[in-house]
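Asker: Residue numbers (this note's numbering), protein chains in the order written: chain V, 1 to 309; chain L, 310 to 687; chain U, 688 to 965.
For the record, the hints were derived by calculation from the structure and aren't laboratory data.
Just to be clear, a hint being listed does not mean it is correct.
Label-pair restraints from in silico Cβ distances [stated by the list, open to error]:
{"no.": "1", "chain 1": "U", "residue 1": "906", "chain 2": "V", "residue 2": "145", "range": "28 to 36 Å"}
{"no.": "2", "chain 1": "U", "residue 1": "735", "chain 2": "V", "residue 2": "289", "range": "48 to 56 Å"}
{"no.": "3", "chain 1": "U", "residue 1": "820", "chain 2": "L", "residue 2": "457", "range": "45 to 53 Å"}
{"no.": "4", "chain 1": "U", "residue 1": "739", "chain 2": "V", "residue 2": "199", "range": "51 to 59 Å"}
{"no.": "5", "chain 1": "U", "residue 1": "881", "chain 2": "L", "residue 2": "385", "range": "34 to 42 Å"}
Derived DSS-like pairs (lysine-lysine); straight-line CA-CA distance at most 30 Å [what the hints assert, rightly or not]:
{"no.": "6", "chain 1": "L", "residue 1": "494", "chain 2": "L", "residue 2": "457"}
{"no.": "7", "chain 1": "L", "residue 1": "457", "chain 2": "L", "residue 2": "565"}
{"no.": "8", "chain 1": "U", "residue 1": "850", "chain 2": "U", "residue 2": "787"}
{"no.": "9", "chain 1": "V", "residue 1": "196", "chain 2": "V", "residue 2": "304"}
{"no.": "10", "chain 1": "V", "residue 1": "166", "chain 2": "V", "residue 2": "258"}
{"no.": "11", "chain 1": "U", "residue 1": "753", "chain 2": "L", "residue 2": "565"}
{"no.": "12", "chain 1": "U", "residue 1": "850", "chain 2": "V", "residue 2": "196"}
{"no.": "13", "chain 1": "U", "residue 1": "753", "chain 2": "L", "residue 2": "457"}
{"no.": "14", "chain 1": "V", "residue 1": "196", "chain 2": "V", "residue 2": "83"}
{"no.": "15", "chain 1": "V", "residue 1": "83", "chain 2": "V", "residue 2": "166"}
{"no.": "16", "chain 1": "V", "residue 1": "304", "chain 2": "U", "residue 2": "850"}
{"no.": "17", "chain 1": "V", "residue 1": "258", "chain 2": "V", "residue 2": "196"}
{"no.": "18", "chain 1": "V", "residue 1": "304", "chain 2": "U", "residue 2": "753"}
{"no.": "19", "chain 1": "U", "residue 1": "753", "chain 2": "V", "residue 2": "166"}
{"no.": "20", "chain 1": "V", "residue 1": "161", "chain 2": "V", "residue 2": "258"}
All of these numbers come straight from a predicted model, not from anything done at the bench.
Note that the Cβ used here is the ideal one computed from N, Cα and C, for glycine as well.
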Amino acid sequence: MTATTALPVAIERPSRSTQARAEAFAAYVLSAPAIVCLFGILLLPTLATFVLSFTDWQFGAPTLRWIGLDNYAHLANDRVFWKSLSNTVLYVLVVVPASVLLGLGAALLIEAGTSGRAFYRAAFFLPVTATLIAMATVWEIMLHPSVGLINVLIEALGFSKQNWLKDPDLALFALAGIGVWQALGLNMVLLLAGLKSIPRDLYEAAAIDGADGPWTRFLTVTLPMLGPALSFVLIISAIRSFQVFDTVAVLTEGGPNKATEVLLYTMYQEGFGFFRAGYGAAITVVFLLFVLVLTLVKARLAEKRVHYS
Amino acid sequence: MSGVSIRGVTKAFGQTRVLHGVSLDVGPREFLTLLGPSGCGKSTLLRIIAGLEQADEGSIALGGQRVDSLLPRQRDVAMVFQSYALYPYMTVAENIGLPLLMRRTRPWQRLPLIRRLHPQSRAASGSIESDVRRAAAALQIESYLDRKPAQLSGGQRQRVALARAMVRDPRVFLMDEPLSNLDAKLRVAARAEIADLHRRAGVAFIYVTHDQAEAMTMSDRVALMMGGEILQIAPPGQIYEDPADLRVAEFIGSPKINTLAGVVRTDGGIDVPGGVLSGTPGLSQGDAVSVAFRPEHLQVEPDNGASGVLRGIVRHLENLGSDFYLYIEPSGGGERLIARTTPDIGQSVALGAPLVLRPAPGRVLLFDRVGRRIRSRP
Amino acid sequence: MTARGGFAFSIFRHVVLAAGAVVMIAPFIWLLSLSVKPADEIFTTDLRLLPLRWDAGRNYAEAFAKVPLHRYLLNGAIVTATIFTLQVLVALPAAYALAKLRFGLAQPLFALVLLGLLIPGHVPAIPHYVMLSSAGLLNSYPALILPSVISVFGIFWIRQFFKTIPDDLIHAARLDGLSEFSIVWRIMLPAAAPALTAFGILSVVFHWNDYFWPLLVVTSPDMAMPALGTVYLRNTEAGTDYGPLMAGTAIITAPLVIAFLLAQRRFIEGMTLTGLKG
Chain V
1 MTATTALPVA
11 IERPSRSTQA
21 RAEAFAAYVL
31 SAPAIVCLFG
41 ILLLPTLATF
51 VLSFTDWQFG
61 APTLRWIGLD
71 NYAHLANDRV
81 FWKSLSNTVL
91 YVLVVVPASV
101 LLGLGAALLI
111 EAGTSGRAFY
121 RAAFFLPVTA
131 TLIAMATVWE
141 IMLHPSVGLI
151 NVLIEALGFS
161 KQNWLKDPDL
171 ALFALAGIGV
181 WQALGLNMVL
191 LLAGLKSIPR
201 DLYEAAAIDG
211 ADGPWTRFLT
221 VTLPMLGPAL
231 SFVLIISAIR
241 SFQVFDTVAV
251 LTEGGPNKAT
261 EVLLYTMYQE
271 GFGFFRAGYG
281 AAITVVFLLF
291 VLVLTLVKAR
301 LAEKRVHYS
Chain L
310 MSGVSIRGVT
320 KAFGQTRVLH
330 GVSLDVGPRE
340 FLTLLGPSGC
350 GKSTLLRIIA
360 GLEQADEGSI
370 ALGGQRVDSL
380 LPRQRDVAMV
390 FQSYALYPYM
400 TVAENIGLPL
410 LMRRTRPWQR
420 LPLIRRLHPQ
430 SRAASGSIES
440 DVRRAAAALQ
450 IESYLDRKPA
460 QLSGGQRQRV
470 ALARAMVRDP
480 RVFLMDEPLS
490 NLDAKLRVAA
500 RAEIADLHRR
510 AGVAFIYVTH
520 DQAEAMTMSD
530 RVALMMGGEI
540 LQIAPPGQIY
550 EDPADLRVAE
560 FIGSPKINTL
570 AGVVRTDGGI
580 DVPGGVLSGT
590 PGLSQGDAVS
600 VAFRPEHLQV
610 EPDNGASGVL
620 RGIVRHLENL
630 GSDFYLYIEP
640 SGGGERLIAR
650 TTPDIGQSVA
660 LGAPLVLRPA
670 PGRVLLFDRV
680 GRRIRSRP
Chain U
688 MTARGGFAFS
698 IFRHVVLAAG
708 AVVMIAPFIW
718 LLSLSVKPAD
728 EIFTTDLRLL
738 PLRWDAGRNY
748 AEAFAKVPLH
758 RYLLNGAIVT
768 ATIFTLQVLV
778 ALPAAYALAK
788 LRFGLAQPLF
798 ALVLLGLLIP
808 GHVPAIPHYV
818 MLSSAGLLNS
828 YPALILPSVI
838 SVFGIFWIRQ
848 FFKTIPDDLI
858 HAARLDGLSE
868 FSIVWRIMLP
878 AAAPALTAFG
888 ILSVVFHWND
898 YFWPLLVVTS
908 PDMAMPALGT
918 VYLRNTEAGT
928 DYGPLMAGTA
938 IITAPLVIAF
948 LLAQRRFIEG
958 MTLTGLKG
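Generate the whole structure from the sequences, applying the supplied hints.
Answerer: The following block contains the structure:
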């Protein structure tokens with residue numbers, strides 16, 4: 001018995017199938033709202049920000065003029081802008097290492113034992129979910145120069161009280177402290193996940209090979225295996241802390257003497273405080289470029305993790 | 310003609326050709342199995358019949374009617390997937406009833422409030438409920454109707470998938486390796502259930518599998534596919550005893566059929582490594598052929614020194630209790646030959662014993678150099 | 688690393704972690720403590736956790752009297768719930784199309800989604816403000832809600848999740864007679880529940896705590912969101928009446944804290960998505 005029938009075979013090429021057409025049609029209808037919103041709310045306004053940065057428009061002005069790169073030239077000569085940028089970078093350089101190291105320490109200690117894990121995890125993570133503005137207000141009272149909790153404790157320990165938020169040398173670091181307090185829990189949780197994913201038998205193999213002490217275990221197994229998670233957490237921390245705004249806006253308003261002026265706050269001041277929309281847009285573009293570089297690094301790191309996991 | 314009619318179906322994914330002009334007819338009440346190794350195109354063909362994939366060339370007709378331009382849901386086919394594809398967030402009853410719900414109600418009647426209030430949709434849900442019960446009863450899963458798939462075992466989920474297919478009363482059932490996720494014992498029981506289902510439903514079943522035991526035990530006919538082509542369609546007995554191609558002979562039958570490479574002699578016999586076998590009329594001298602015979606057709610005797618016969622040495626023994634297999638290294642070299650015998654005889658054979666091998670004369674199959682079967686002329 | 692090192696290590700671990708936990712929780716405890724103290728006990732270097740004289744009643748009543756605290760919470764609830772609902776309505780169908788359907792725009796659209804992930808939320812702020820201003824929508828629910836309706840992260844996240852759903856499930860649904868639209872809402876939505884929970888928590892927490900955008904578009908107290916509301920509260924308490932300030936702050940902070948304590952695992956799961964979101 002043969003595989004084909006006795007009748008002549010009519011070979012035809014059917015038109016693009018009904019199923020394929022139905023799928024494509026449905027896809028367009030289903031993604032239409034997203035496409036509209038994507039362009040209308042995200043892409044076009046972002047483009048508008050770019051365009052605006054090349055104009056001299058102010059809020060409420062009836063006309064605007066194209067001024068090319070003038071805003072950027074002005075920025076380059078703007079002392080406040082440079083102070084703002086350097087403050088932001090300094091802030092990041094303080095918050096990121098501190099919150100990642102402390103988060104790592106907490107994660108290691110939590111994972112090293114079995115009791116109290118849920119409690120400690122919740123305690124460390126609580127600041128992450130709380131409304132920062134609200135808690136910043138509490139911190140402000142705690143940092144009060146004479147009766148604040150922090151200063152009273154410091155004095156009890158033998159140091160002198162400080163005017164944390166009004167001292168130009170200390171204010172940024174006080175804000176950074178609050179930033180670390182808020183970010184630590186998130187880093188800890190991400191690193192906990194990284195720690196949990198290290199296979200147990202690596203430690204056992206290391207033990208057989210003689211690497212048994214806690215410090216050795218950390219250096220030979222934990223740290224290398226945690227490498228990707230650590231880099232990831234570092235870059236995420238950097239991206240988030242670069243966008244610091246809330247504490248500055250509420251506690252110091254950029255002062256004293258621009259000691260805590262940060263990039264987003266400057267953008268807010270110029271754009272909405274002084275209504276210089278064009279100039280504010282230029283600052284936004286600079287902000288975007290910095291965050292973009294960090295995000296691209298993050299994306300590359302994320303890709304590598306996916307390939308290795 | 311009713312049933313399923315497939316003509317000249319070709320399909321390629323990118324540069325890879327998966328089906329090469331496949332044609333096939335399935336009778337309206339027939340159980341046909343598409344059997345073949347993975348990658349041979351059988352699942353693709355099934356999905357083309359269902360309308361989930363589109364053939365590049367060729368046509369499909371169901372019940373005499375061309376269905377190429379119809380959406381899957383318009384083709385009146387039901388399909389059971391290898392993974393069962395049960396909706397995880399619905400109960401078993403809702404899973405089984407969904408196709409009926411789609412068919413018997415209009416979309417607006419399914420909206421939450423209306424569903425409860427509108428007389429027509431309430432009537433529909435009543436009839437759906439009774440049909441679901443009936444399908445569940447037939448497969449003995451009535452007690453699971455309120456559970457979710459995650460709470461069921463593999464065998465139970467498989468029956469839910471069957472019930473969901475059954476409840477629609479389709480004119481064709483398509484099954485894509487529905488038993489491969491079950492363990493061996495369940496599989497045997499499930500085979501009987503599916504065969505039962507086929508008898509009761511009385512419609513065409515197209516069944517895809519790579520397991521030849523399933524194909525042999527359940528089908529009216531088996532279509533063996535390899536490399537995107539159908540090599541042979543025949544009832545199970547015929548495909549076993551009368552394979553049309555060497556690849557068919559090697560795929561069907563466990564343990565695998567014995568093969569020897571041979572050359573035809575001037576006297577019509579066949580030279581094989583280590584001996585001579587008798588040939589059939591019609592062969593030309595010098596032809597290269599493959600000689601094949603099944604383990605149960607290989608008779609063995611202790612080596613008595615006769616000349617010109619095939620001989621070999623026993624290298625391995627397998628006692629399965631009901632059968633005994635001897636693994637023999639032929640004197641002329643090459644792959645081991647397997648002989649099936651009874652335990653009584655097998656146990657008297659020692660490892661390393663020299664044997665004379667005699668394939669049963671009428672049971673030797675000959676294939677030409679490209680694998681086509683050479684049938685003896687009467 | 689499982690429990691090891693014996694008793695001494697265990698003590699060490701608990702001491703260090705407990706100290707850390709105290710530092711982490713201190714502001715919350717102190718918040719509650721200050722909120723029930725009278726002014727003279729607040730302005731003292733005498734540290735006490737519990738007040739000598741309870742003034743909770745006055746503090747909390749004052750807080751409610753000075754600013755519409757209940758409005759802040761109500762606005763927070765309405766705005767975050769609406770934002771999340773709209774985000775799902777927009778993102779889920781698109782994520783399904785990108786994950787499971789074959790159509791010409793699929794690649795470019797996904798590329799645009801990835802592009803969108805690179806843009807921080809503050810960048811389109813000025814044009815958003817201008818658009819809302821010229822539509823006369825400032826200081827309203829639409830102003831708070833509309834800019835956040837598109838969540839490219841939501842589309843990305845849900846699409847990744849949908850990719851893990853077996854195609855056969857959708858094939859079975861098509862054979863059963865479901866249209867693509869039905870498949871989205873009957874099959875994919877329930878299946879996406881875990882991803883939506885995490886995303887929901889991320890979205891709600893982020894928008895509840897957002898200060899930047901409400902600061903820009905809200906000009907009257909009864910439209911304020913929780914974070915902005917705290918600042919209004921501060922401004923009316925300019926000076927030294929910290930008791931009611933802390934009371935009001937406690938009220939505003941309470942909902943998220945309580946929700947977190949009740950559903951810790953889910954919160955943590957959801958918030959770790961900020962890692963992916965950037």
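Asker: A separate judgement is required for each hint: does it hold in the structure or not?
Answerer: To see whether the hints hold, each was checked on the structure:
1. U:906 with V:145: 28 to 36 Å: 33 Å, holds
2. U:735 with V:289: 48 to 56 Å: 51 Å, holds
3. U:820 with L:457: 45 to 53 Å: For residue 457 of chain L against residue 820 of chain U, whose Cβ atoms are near 51 Å apart, the range 45 to 53 Å holds.
4. U:739 with V:199: 51 to 59 Å: 56 Å, holds
5. U:881 with L:385: 34 to 42 Å: Cβ of residue 881 of chain U to Cβ of residue 385 of chain L: about 36 Å, so the range 34 to 42 Å holds.
6. L:494 with L:457: Holds: residue 494 of chain L and residue 457 of chain L sit about 24 Å apart, inside 30 Å.
7. L:457 with L:565: At roughly 43 Å apart (the allowed maximum being 30 Å), residue 565 of chain L and residue 457 of chain L break the hint.
8. U:850 with U:787: 7 Å, holds
9. V:196 with V:304: Status holds; Cα separation ~19 Å.
10. V:166 with V:258: This hinted pair holds, its Cα atoms lying about 11 Å apart.
11. U:753 with L:565: The given pair, whose Cα atoms are some 90 Å apart, is violated under the 30 Å limit.
12. U:850 with V:196: 25 Å, holds
13. U:753 with L:457: 53 Å, violated
14. V:196 with V:83: 42 Å, violated
15. V:83 with V:166: 17 Å, holds
16. V:304 with U:850: 20 Å, holds
17. V:258 with V:196: The hint is violated at about 43 Å.
18. V:304 with U:753: 53 Å, violated
19. U:753 with V:166: OK: residue 753 of chain U and residue 166 of chain V at ~28 Å, within 30 Å.
20. V:161 with V:258: Holds. Residue 161 of chain V to residue 258 of chain V sits at ~23 Å (cutoff 30 Å).
Of the numbered hints listed earlier, those contradicted by the structure are 7, 11, 13, 14, 17, 18.
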